[in-house]
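Work the whole structure out from these sequences, hints included.
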Amino acid sequence: METTRLSVNGKAIELEIDPTTPVLWVLRDQLGLTGTKFGCGLALCGACTVHVDGNAVRSCVMPVRAVAGKHVTTVEGLSRDRSHPVQRAWLQVQVPQCGYCQPGQMMSAAALLAVNTNPSDADIDEAMAGNLCRCGTYARVRRAIHLASEIARGQR
Amino acid sequence: MNLRALRHVLFAAALSLLALFFGFVQLRVRASASSQTDQESAEKSLRAFREVASVLTSPRCLNCHVPDDGPLQGDDHHPHPMNVKRGPDGKGSAALHCFACHQSENAKTLHGPPGAADWQLPPPKTPMAWKGLSTGELCRTLKDPAKNGNRSPQDLIVHMDTSLVRWAWNPGPGRALPPLPHDQFVSRLKEWIDTGAACPN
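If you're matching them up, the sequences are chains E and L in order.
End of the first sequence sits at 156 in my numbering; the numbers just go up one at a time, nothing left out.
End of the second sequence sits at 1201 in my numbering; the numbers just go up one at a time, nothing left out.
Simulated from the structure, these hints should not be mistaken for laboratory data.
A few of these clues could be false.
To be verified - Covered stretches of chain E (chain L as the covering partner; in silico rule of three or more C-beta atoms under 8 Å from a C-beta of chain L):
#, segment
1, 37-51
2, 79-86
3, 124-137
Note that the Cβ used here is the ideal one computed from N, Cα and C, for glycine as well.
Following this line, the structure appears as structure tokens:
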């Protein structure tokens, strides 16, 4: 056990924990942030995607010691009031079917838009290729990212 | 000139000719020895490089030293899933950076992503693509600063000791090791450089 300090959704957290524990289980089991999902546990599906210092990472394979002193953002932390352009676009386009993969999809989309405010279809396909959706919502994901881009740029 | 003086002159001339002859012979012997040493050194260099190349062409190196835009995986060089791209700096693209999945060490779970510090591909400006090259082409590419990331021979030795390169000797289950141990590989690399870094034709 080690003392690990980090920030989650803007809140300072201190944990006594095995430093090899995956961030996913810290979020879900220790902090009750169940928006982030367990999918494959092997960084293959993207359901567990969160941001660490603004970059999308797979929380199921990232040990908590790797985020010590860093800022973790989960889908709950995108905004306090569902006002993040990605959240607004997801609602407007009604992207989810079963919804299980969508928190990961949204976090990857938000990471993409943070560095590319007006992505092309090719940019979206490249950035989102690591997020699988068994319901096949890819076309709606792409449409929602274009919409979120327009919202963020003040065009909607 | 009397007969005695003439004999002295002829004797001196004969001695001079003899000295010239032995000097010439000695020069030829030295040149030949030097040429032999150069040839031996070049052969030693080529032998060392062939061993170096056996490592550089192993899957652990070739899967990222690729000419295409994305890495390969496994001992059979299959394409990396998820359409992973090299990106602007060799570290992946937006929302799909290498470090999104690859940590600073191998995942503990079977079939989890392998890891080492600074997991990345060569950058697109100098992709250092080795896949498909002959041994001679690989050798010349490795030596060319325009193609090797502007590295001197000494820089190449340093590169081969980074945690990312060393990962090849600790790749986790299901991945073949390079054919030489790491210390032997670095030793052959140094030998290749010290003997003139000769390249096969």
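Find the hints from earlier in the document that the structure breaks and name them by number, from lowest to highest. 2
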